[in-house]
Amino acid sequence: MTEKEILQRALERQKKARRIAEQILEHKSLELYNTAQELKKVNHKLKHLVEEKNSQLKGVFETINDAYFVMDLDGVILKMNDLSKSFFGYNLKHETVNVLNLIYKEDSVIKSYAELVDKGHIYDYNTRIITKSKEVKWVRINASVMHDTANKAKAIQVVVRDITVQREKKISLDIINNIAKSILGQENIYEMAWLISSEVANYLETNDCVIYLVDNETHSLEQIAAYGAKISKDRGIINKINLPIGKGIVGNVAKTGKYQIIKDTSNDKRYVLDNELRLSEITVPIISEGKVIGVIDAEHKEKNYFKKEHLTTLENIAYLVAVQFKSALNLRERKKAEKENTDLLKKLERSNQELQEYAHIVSHDLKSPLRSIAALTSWIKTDNITAFDEASLQNFKDLDLTLETMDTLITDILTYASLDAKVSEDKSVDLDTLIRNLINVLYVPENISINILNKLPVIIGDKTKFQQLFLNLIGNAIKFSNKEKGVITIDVKDYNSFYKFSIKDNGIGIQKNHFNSIFKIFQSLKKGKNSSGIGLSIVKKIVSIYKGEIWLESKIEKGTTFYFTIKKL
Amino acid sequence: MLFKTLKILLIEEKGVEVVRLNKAISKEFKDYKIILAKNGNEALSILKSSLVDIIITDLNMSDPDGIEFLSSLKSNLKLKHIPIIILTTSKNDKDIKNCYKLGISGYLLKSLKYEDYKIKINTILRYWSLNEFI
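Protein chains in written order, with our numbering: chain A, 1 to 569; chain B, 1 to 134.
Hints are computed from structural coordinates only; laboratory data are not their basis. The reader is advised that the hints may include incorrect statements.
To be verified - For each label pair, taking beta carbons as the anchor points, the in silico distance ranges come out as:
#1 I460/A with N98/B: 20 to 26 Å
#2 L376/A with K38/B: 16 to 22 Å
#3 G185/A with S72/B: 56 to 62 Å
#4 S351/A with N98/B: 18 to 24 Å
#5 K38/B with E354/A: 24 to 30 Å
#6 E28/B with E354/A: 45 to 51 Å
What the hints assert, rightly or not - Reference listing, derived: stretches of chain B covered by chain A, where coverage requires no fewer than 3 residues with Cβ under 8 Å from a Cβ of chain A:
#7 9-18
#8 83-92
#9 106-116
We put the beta carbon where it would ideally sit given N, CA and C, even for glycine.
Kindly generate the complete structure, drawing on both the sequences and the hints.
In C-alpha cells form, the structure reads like this:
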C-alpha cells in the first residue's frame, strides 16, 4: 500500500468520526432544548402553584377556625387572625404581646419551645394560657418555624385550638366513669363515700371534699367520708361534725335540695368553719326518689374558684351516687331480710318438728287413757251384764261412741299437725289405682255408687297425703248422703300446669254462708259418728302443700261438688 | 290344730294394758307363757338369763326410749334373731319406718275397740304359734 493510500484512508476515518460526533452533538443539543422547555413549563407551573399556595395561605390565615398567629423567635406576636384577637383578648394595634406572658405560670413550656426550634415544628402540645381577662384556658398548640430564603429561622407560626370545654367534658366523663366503675356493686356506702370524696377532690383540684349522709332519725347530717386534712391516719374523720338539717350551707342544701356555689364564703353568714377557712364552696345534694339522702361538699381556698362545669359534673356524680346508694341500701335491707328469713325458716322448721313430736306424744298420752277407759268399762259391762238395765246398757253404748269420737279427734289432730313433715321423698303416685283401692277399703253402703268419669292421672307427691285427701272427701260424700240412691262422681280435668279434680255428691248440701268456715279446723257442720271436724282442714292443707286451690259449689238438698287443683311438678 | 307353746316377753308399764292383753288371748292358746317387763332395762336383764320366742313391746317408754331399746336388742348378737312385735297406741310414719329399718317383725296399734284389739292379738299369736323357733 502506498503512503497516499494510507493517508487517504486516514482522512476517510477522520471524516467519518467527525460525522458521528456531529450527529451526537446535534442529538444532545436537541435533548438540552427539550429539557429547557420542560423546565420552563415546570417553573411556570411552580410559580403558579406558589401563588396559589400563597393566596390559599392568606385565606387560611383569615378564615381558619382556630386562633392563628405568627411570632418572632423571642415570642413577640407579629400578626394574629381575628379569632386569635377575640380568644386572647389582645389587640396588636394597641399593645405588644409576648407569648411567654400568656402561658399559665405553672405550665413550663421551655422544653417544648426548645423542641420546636430544634425540630422546626411541634404538634398537639397541650397547655394552659391566661387571656387578657384573666381566664385560664386549655389549648392545643401546633407550631412550625418559618425560614427565609437563606434557610434561616425567621418566625414561628402557631395554631391554637381552645380545648377547655372538650377537656372538661372528658375529665368530667372520666371522673364519672371512674366513680361509676369503682362504686358499681359496692354494697358498703361508707366505702363508696370514701372513694367518691377522693375522686371529687382530685377532679376539683382541691384538698377538701366531704360527703354527708342524712340521718332521718336525728334530722341531721353526718360526715361519712372526707378528703384532705380531715382524714386521720386510720381513715377516721378528725373532728367529725354533725350538722342539723337547715344549718350552714350544707344543711341548707340538704333542706332545700338545691345546689350552692359560694364565690366568697367570708360574705356568707351560713358558712360553718370546719378545720380551715376556705373562700369557695360548692355543695350538691344527693337526691333519691325526691328526697335528699346526702350531700357532696367541697371547698377551695381561693375565691370564686368553682365553675358551672364543676357543678354539672358534681350533679352527675350525685345522680350516680344516689342510684348506687339506693341500691346499696336496698341490698343491705334485702340481705338483712334474707337473713331474718333464713333464721325464721330455721326456727319455723325447728318448732314444726317440735310441734310434731309434741303432737305425737300428746296423742299417745291422750289415747292411752282412752284405751284404758274403754277396756275398763267393757270389763265392768261384761262382768255385770245381768245387773244392768236397758238404759244403763244404752249409756255404755254412748260411752263407747264418745270414746271413739275422741279417739278419731286425737288421730286427726295428729294427722293435721304432721302434714308439714316430709317423711318420704316424692314419688309418682297412680291416683287411679290409689282411689280404686281406697274405694274397696272404704265402707260404702249399698245404696251409694261411686263413679270415676275419666282415668285419673299419675302425679308426683306423697302417697299417704293423696290417700288422706281423697279419703276425707269421699268419706264426707258418703257420710252426708241422704238420698235413696246416693251418687258420688269423681272427675279430673287436665290443664297446662295443674289438674282440676272434682268430687260430686247428691247429698244434703251445704249452706253458702258456710263455704269458707268448713275448711277451718274444728268446724264441722254436722258432727256425726267418727267426725272430728278436722277432715276438711286436712284436705285444704294437703291441697295447699301441692300449691292448689280448693272450693265448692253446693245446693241444699241437691248436693255438693268439691273442686281442687294440684299443681303439676 | 295344736299350737306351739309360745314364750312371750311383754314390755308394758300399764297394768290395765297387761290385763287387757291377757284377757284378749283366746282360750285356744293354753300353754303360752308371758314374762312381764315394765321397761327396756328390765327386759334386757331378763333376756340375759332366759331367751324368749317373741317380744311384744310398747314403743312409748323412756330411758331407754322405744327406738333405743330396739337398737340395743338388734345390735346384740345373742338377741337380734328374736322377732319383735310393736304394740303401741299411736304411730307416725317416721317411727314405723325406723322400726322396720331396725328389723321389727310387726307393728300393731292398740285398737280402741276391745273386739278389734282381740282380733289383732289373737291373729298375731296364731301366726307366731305356727312358726318354728330355735
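Evaluated hints:
Between I460/A and N98/B the Cβ separation comes to about 25 Å, which falls inside the hinted range of 20 to 26 Å. Take L376/A and K38/B: their Cβ atoms lie about 20 Å apart, and the range 16 to 22 Å holds. Taking 56 to 62 Å as the suggested C-beta distance range, the pair G185/A and S72/B conforms, at roughly 57 Å. Roughly 22 Å separates the CB atoms of S351/A and N98/B, a value that falls within the hinted 18 to 24 Å.
A hinted range of 24 to 30 Å for the beta carbons of K38/B and E354/A is consistent with their spacing of about 28 Å. At about 46 Å, the beta-carbon gap between E28/B and E354/A stays in the expected band of 45 to 51 Å. Judged by the Cβ-Cβ criterion of 8 Å, the stretch 9-18 of chain B is covered by chain A as claimed, because 3 of its residues qualify and three suffice. Look at the stretch 83-92 of chain B against chain A: 4 of its residues bring a Cβ nearer than 8 Å to a Cβ of that chain, three or more, so the hint holds.
Counting residues of the stretch 106-116 of chain B whose C-beta lies closer than 8 Å to any C-beta of chain A gives 4; at least three are required, and the coverage claim holds.
Checked against the numbered hints given earlier, the structure satisfies every one of them.
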